[in-house]
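K.L.:
This is what each chain is made of:
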Amino acid sequence: MNIVVCVKYVPDATGDRRFEGDNTVDRVDVDGLLSELDEYAVEQALQIKEKRADEEIEVTALTVGPEKAVDAVRKALQMGADKAVHVVDDAIAGSDAIGTSLVLAEAIKKANGGTAPDLVVCGLASTDAGMSVVPAMLAERLGLPQVTLAAVVESQGNQVRIKRDTDTATEVIGGTMPLVLSVTDQSGEARYPSFKGIMAAKKKPLETWSLGDLGIDAGQLGLSSAWTAVEETAARPPRTAGEIVKDEDGSGAKALADFLASKKFI
Amino acid sequence: MSEVLVLVDYVNGAVKKPTFELLTIAKRLGTPAAVFIGPADQAATVAEAVKKYGAEKVYAIDDAEIKGYLVAPKAEALQQLAQGKDLAAILLPSSAENKEIAGRLAIKLESGLITDAVDVAEAGGGVTTTQSVFAGNYTVQAKVTKGTPIITVKPNSAAPEESAGAGAVEQVAVTISDGAKTAQIVATQPRQATGRPELTEAAIVVSGGRGTGGNFEPVENLADALGAAVGASRAAVDSGWKPHTFQVGQTGKVVSPQLYVANGISGAIQHRAGMQTSKTIVAVNKDEEAPIFELVDFGVVGDLHAVLPALTQEINQRKG
Ligand SMILES: Cc1cc2nc3c(=O)[nH]c(=O)nc-3n(C[C@H](O)[C@H](O)[C@H](O)COP(=O)(O)OP(=O)(O)OC[C@H]3O[C@@H](n4cnc5c(N)ncnc54)[C@H](O)[C@@H]3O)c2cc1C
Ligand SMILES: Nc1ncnc2c1ncn2[C@@H]1O[C@H](COP(=O)(O)O)[C@@H](O)[C@H]1O
Chain A
397 MNIVVCVKYV PDATGDRRFE GDNTVDRVDV DGLLSELDEY AVEQALQIKE KRADEEIEVT
457 ALTVGPEKAV DAVRKALQMG ADKAVHVVDD AIAGSDAIGT SLVLAEAIKK ANGGTAPDLV
517 VCGLASTDAG MSVVPAMLAE RLGLPQVTLA AVVESQGNQV RIKRDTDTAT EVIGGTMPLV
577 LSVTDQSGEA RYPSFKGIMA AKKKPLETWS LGDLGIDAGQ LGLSSAWTAV EETAARPPRT
637 AGEIVKDEDG SGAKALADFL ASKKFI
Chain B
36 MSEVLVLVDY VNGAVKKPTF ELLTIAKRLG TPAAVFIGPA DQAATVAEAV KKYGAEKVYA
96 IDDAEIKGYL VAPKAEALQQ LAQGKDLAAI LLPSSAENKE IAGRLAIKLE SGLITDAVDV
156 AEAGGGVTTT QSVFAGNYTV QAKVTKGTPI ITVKPNSAAP EESAGAGAVE QVAVTISDGA
216 KTAQIVATQP RQATGRPELT EAAIVVSGGR GTGGNFEPVE NLADALGAAV GASRAAVDSG
276 WKPHTFQVGQ TGKVVSPQLY VANGISGAIQ HRAGMQTSKT IVAVNKDEEA PIFELVDFGV
336 VGDLHAVLPA LTQEINQRKG
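In order, the protein sequences belong to chains A and B. Just so we're aligned: 522 in my numbering is position 126 of the first sequence, and the numbers increase by one with no gaps anywhere. Just so we're aligned: 93 in my numbering is position 58 of the second sequence, and the numbers increase by one with no gaps anywhere.
A portion of the hints provided could be inaccurate.
[Stated by the list, open to error] For each label pair, taking beta carbons as the anchor points, the in silico distance ranges come out as:
#1 B:GLY182 / A:LYS464: 28 to 34 Å
#2 B:GLN293 / A:LYS642: 22 to 28 Å
#3 B:ALA99 / A:GLN555: 22 to 28 Å
#4 B:VAL221 / A:ASP486: 44 to 50 Å
#5 A:LYS598 / B:GLY119: 53 to 59 Å
#6 A:LYS659 / B:ALA79: 40 to 46 Å
[To be verified] SDA-like cross-link-like pairs, simulated, lysine to any residue; straight-line CA separation at most 20 Å:
#7 B:LYS87 / B:ALA193
#8 B:LYS321 / B:ASN250
#9 B:LYS321 / A:SER647
#10 B:LYS120 / B:LYS87
#11 A:LYS659 / B:GLY262
#12 B:LYS52 / A:LYS559
#13 B:LYS102 / B:ASP76
#14 A:LYS660 / B:LYS51
#15 B:LYS51 / B:LYS178
#16 B:LYS178 / A:VAL626
#17 A:LYS642 / B:GLU329
#18 B:LYS314 / A:THR566
#19 B:LYS354 / B:GLU329
#20 A:LYS559 / A:ALA586
#21 A:LYS660 / B:LYS87
#22 B:LYS321 / A:ILE640
#23 B:LYS120 / B:GLY182
#24 B:LYS51 / A:LYS479
#25 A:LYS660 / B:ILE239
#26 B:LYS120 / B:ALA208
#27 A:LYS659 / B:GLN348
#28 A:LYS445 / A:ILE594
#29 B:LYS314 / B:GLU233
#30 B:LYS178 / A:ILE594
#31 A:LYS659 / B:ALA79
No lab work stands behind these hints, which were simulated from the structure alone. Predicted model only: the values in this text are computed from it and were never measured. Cβ coordinates follow ideal geometry from the N, Cα and C atoms, glycine included.
Please build the complete structure, drawing on both the sequences and the hints.
P.N.:
Here it is, written out as structure tokens:
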């Protein structure tokens with residue numbers, strides 16, 4: 397069985413606010429990392445491999461992103477993935493989810509010898525763009541079923557069953573492999589790379605592909621070819637500091653009630 | 036004028052409020068037309084509701100072959116409906132399911148997709164959207180440059196405006212491929228109704244975190260006094276005090292109510308991602324150093340188990 401896990405390299409959301417042990421702002425490695433939500437995807441892929449130890453299962457970590465994105469698949473290798481693919485090409489910069497999903501879909505097929513693998517595993521969302529649409533787009537492009545937003549994953553033979561929470565219900569979804577699976581941060585804590593894992597990762601195969609390797613015309617991708625365009629961005633004005641009171645013998649509740657009344661909430 | 040398709044959000048026999056918000060937005064862009072994917076015999080009920088918000092047409096797609104499967108059949112149905120029509124836009128209420136439908140549809144129709152818009156406006160014959168990104172720290176304006184703009188819109192992005200529409204029902208027959216029926220819903224356990232407003236739609240949200248120590252009663256009582264929805268931090272959800280559907284934050288619901296009341300919640304970046312675009316923010320926390328206080332319009336440093344019951348009593352008294 398072949399599993400491809402899609403992992404994205406994202407800017408660290410906490411980076412610019414993180415502190416060192418000495419309480420100074422950490423400015424050393426604030427740039428980027430394997431999206432923490434995709435660690436859950438790697439974890440589930442590895443768990444499937446471990447639970448089905450009597451089968452031959454290969455886990456490939458795949459990322460599409462700039463030079464530095466190789467860190468994302470390296471981490472996946474350290475966690476236990478067997479091999480990795482990094483698709484990098486200047487022409488990809490600025491692509492939207494539609495473009496990214498095209499590159500991912502072609503890379504997924506190539507990584508599996510030209511056809512869809514048994515399982516494509518994705519995270520809940522990328523922590524930067526966060527659209528939660530790439531897994532559905534991959535399913536559409538690969539012509540596969542999608543079994544998405546799993547909180548619990550079970551597999552047996554070629555069957556996959558997941559449990560998930562929607563707004564209105566708890567559901568059990570079933571599908572037959574090959575399929576696209578996405579998992580949430582409820583699916584189980586991701587492991588840390590062990591020292592052994594970190595050493596072993598250095599010897600694992602890691603391939604770098606360009607659009608040319610995937611047979612994709614560069615003109616289809618990048619900022620100018622995206623089907624959407626961001627026209628303006630603005631930092632949200634910082635919130636003005638509010639009033640903070642200390643509660644003493646019920647004074648806090650009264651003050652808060654006055655505030656809520658002044659805003660017409662009561 | 037070109038039509039604007041609005042996918043109807045219909046739960047337990049009722050059209051939900053986001054549908055009316057989207058119809059209101061649709062009117063800015065063209066002629067609103069509702070799309071109802073559901074039991075054929077309920078199309079008339081839906082039409083009654085949506086025509087009050089300007090729907091000229093109601094395209095009814097029977098869901099006998101659609102329900103029971105994940106999003107793929109719905110995307111196929113919408114593709115068949117959209118094909119050959121001159122559409123100004125396709126609007127869907129932002130939910131996990133609808134975003135996936137929209138993702139598949141965008142590829143089928145070779146059209147650009149924008150998710151989680153908080154505003155949609157007509158601009159020079161096109162459509163401009165506003166989104167809140169990077170945990171609510173930035174606002175961006177975007178547009179679709181190819182095909183029919185497909186946009187998922189967050190709840191509370193527009194105040195529903197009544198306006199009479201014809202609401203003419205047109206049954207639409209679709210053919211669902213076998214390939215689309217491959218991910219099956221094996222079992223569904225409907226969530227118990229809480230009797231409170233929906234978290235993402237509520238005007239007021241009262242949340243509890245680890246500081247509740249597992250006792251959500253003060254939080255719930257305050258919520259009821261304010262007519263609010265109840266939310267929770269991930270710490271509260273991970274402790275099993277509330278189901279995951281209550282979670283506010285990066286990996287839970289993103290809410291943007293008029294008033295957000297955070298109780299016993301420290302204000303981690305992942306929690307902020309789900310609430311910091313709220314209009315007014317209030318917090319009760321016993322630690323005056325808690326980062327949540329950086330966000331608040333009003334904060335009380337105190338024990339929530341004392342402050343909340345007193346506040347609830349105060350509110351109920353003032354309401355008379
Ligand atoms: C990938 C990932 C995704 C995440 N997604 C989310 C998410 O979607 N939503 C989310 O909320 N978190 C999320 N988190 C977790 C987040 O980082 C925090 O751990 C979490 O928000 C903390 O919850 P809390 O504020 O309730 O608990 P704590 O941080 O433990 O804070 C509890 C607060 O309660 C106060 N308190 C204690 N007792 C009382 C009392 N009696 N009266 C008043 N105040 C009291 C304390 O002073 C403290 O400030 C995510 C984390 C990761 C890694
Ligand atoms: N550039 C990328 N490289 C690899 N995987 C990606 C990339 N973008 C998105 N994904 C996968 O798709 C999921 C959803 O992403 P998104 O739709 O951007 O929120 C992520 O959790 C990843 O598993």
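K.L.:
The structure should be examined with respect to each hint, and the outcome stated for every one.
P.N.:
Evaluation of the provided hints:
1. The supplied range of 28 to 34 Å is met by GLY182 (chain B) and LYS464 (chain A), whose beta-carbon atoms lie about 33 Å from each other.
2. The hinted window of 22 to 28 Å between GLN293 (chain B) and LYS642 (chain A) holds, with their beta carbons roughly 26 Å apart.
3. Against the hinted window of 22 to 28 Å, the Cβ-Cβ separation of ALA99 (chain B) and GLN555 (chain A) comes to about 25 Å, which satisfies the hint.
4. Checked against the hint of 44 to 50 Å, the pair VAL221 (chain B) and ASP486 (chain A) passes, with Cβ atoms roughly 45 Å apart.
5. One distance hint, 53 to 59 Å for the beta-carbon pair LYS598 (chain A) and GLY119 (chain B), holds here, with the actual separation near 56 Å.
6. Roughly 42 Å separates the CB atoms of LYS659 (chain A) and ALA79 (chain B), a value that falls within the hinted 40 to 46 Å.
7. Using a Cα cut-off of 20 Å, the hinted pair LYS87 (chain B) and ALA193 (chain B) holds, with the two alpha carbons roughly 16 Å apart.
8. Between LYS321 (chain B) and ASN250 (chain B) the alpha-carbon distance is near 16 Å, which keeps this suggested pair within the 20 Å criterion.
9. For a cut-off of 20 Å, the pair hint linking LYS321 (chain B) to SER647 (chain A) stands: about 14 Å separates their Cα positions.
10. About 24 Å separates the Cα atoms of LYS120 (chain B) and LYS87 (chain B), which puts this hinted pair outside 20 Å; it is violated.
11. Annotation: proposed proximity of LYS659 (chain A) to GLY262 (chain B) holds, straight-line Cα distance about 15 Å (limit 20 Å).
12. Of the pairs offered as hints, the one joining LYS52 (chain B) and LYS559 (chain A) is violated, with about 28 Å between alpha carbons and a cut-off of 20 Å exceeded.
13. Proposed proximity of LYS102 (chain B) and ASP76 (chain B) is supported: the alpha carbons are some 15 Å apart, at most 20 Å.
14. Restraint check: the Cα-Cα separation between LYS660 (chain A) and LYS51 (chain B) comes to about 26 Å, which exceeds 20 Å; the hinted pair is violated.
15. For the hint linking LYS51 (chain B) to LYS178 (chain B), the alpha-carbon distance of about 27 Å lies beyond 20 Å, and the restraint is violated.
16. Taken as a hint, the LYS178 (chain B) and VAL626 (chain A) pair is honoured in the structure, with Cα atoms around 6 Å apart against an allowance of 20 Å.
17. With a C-alpha separation of about 15 Å, the suggested pair LYS642 (chain A) and GLU329 (chain B) falls inside the 20 Å cut-off, and the hint holds.
18. In summary, the hint linking LYS314 (chain B) to THR566 (chain A) is not supported, as the alpha carbons are separated by about 31 Å, beyond the 20 Å threshold.
19. Only pairs whose Cα atoms come within 20 Å are accepted, and LYS354 (chain B) paired with GLU329 (chain B) is rejected, the gap being roughly 30 Å.
20. Of the pairs offered as hints, the one joining LYS559 (chain A) and ALA586 (chain A) holds, with about 18 Å between alpha carbons and a cut-off of 20 Å not exceeded.
21. Using a Cα cut-off of 20 Å, the hinted pair LYS660 (chain A) and LYS87 (chain B) is violated, with the two alpha carbons roughly 29 Å apart.
22. For the given pair, LYS321 (chain B) sits about 12 Å from ILE640 (chain A) by alpha-carbon distance, which is consistent with the 20 Å threshold.
23. Restraint check: the Cα-Cα separation between LYS120 (chain B) and GLY182 (chain B) comes to about 12 Å, which is no more than 20 Å; the hinted pair holds.
24. The suggested pairing of LYS51 (chain B) with LYS479 (chain A) is violated, with an alpha-carbon distance near 47 Å, which exceeds 20 Å.
25. In summary, the hint linking LYS660 (chain A) to ILE239 (chain B) is supported, as the alpha carbons are separated by about 12 Å, within the 20 Å threshold.
26. Between LYS120 (chain B) and ALA208 (chain B) the alpha-carbon distance is near 15 Å, which keeps this suggested pair within the 20 Å criterion.
27. With a C-alpha separation of about 18 Å, the suggested pair LYS659 (chain A) and GLN348 (chain B) falls inside the 20 Å cut-off, and the hint holds.
28. Simply put, LYS445 (chain A) and ILE594 (chain A) have alpha-carbon atoms about 19 Å apart, close enough for the 20 Å limit, and the pair holds.
29. For the given pair, LYS314 (chain B) sits about 18 Å from GLU233 (chain B) by alpha-carbon distance, which is consistent with the 20 Å threshold.
30. Proximity of LYS178 (chain B) to ILE594 (chain A) is assessed by CA-CA distance (about 44 Å); at most 20 Å being required, the pair is judged violated.
31. At roughly 41 Å between alpha-carbon atoms, LYS659 (chain A) and ALA79 (chain B) are farther apart than 20 Å, so this suggested pair is violated.
Violated hints for the displayed structure, listed by number in ascending order: 10, 12, 14, 15, 18, 19, 21, 24, 30, 31.
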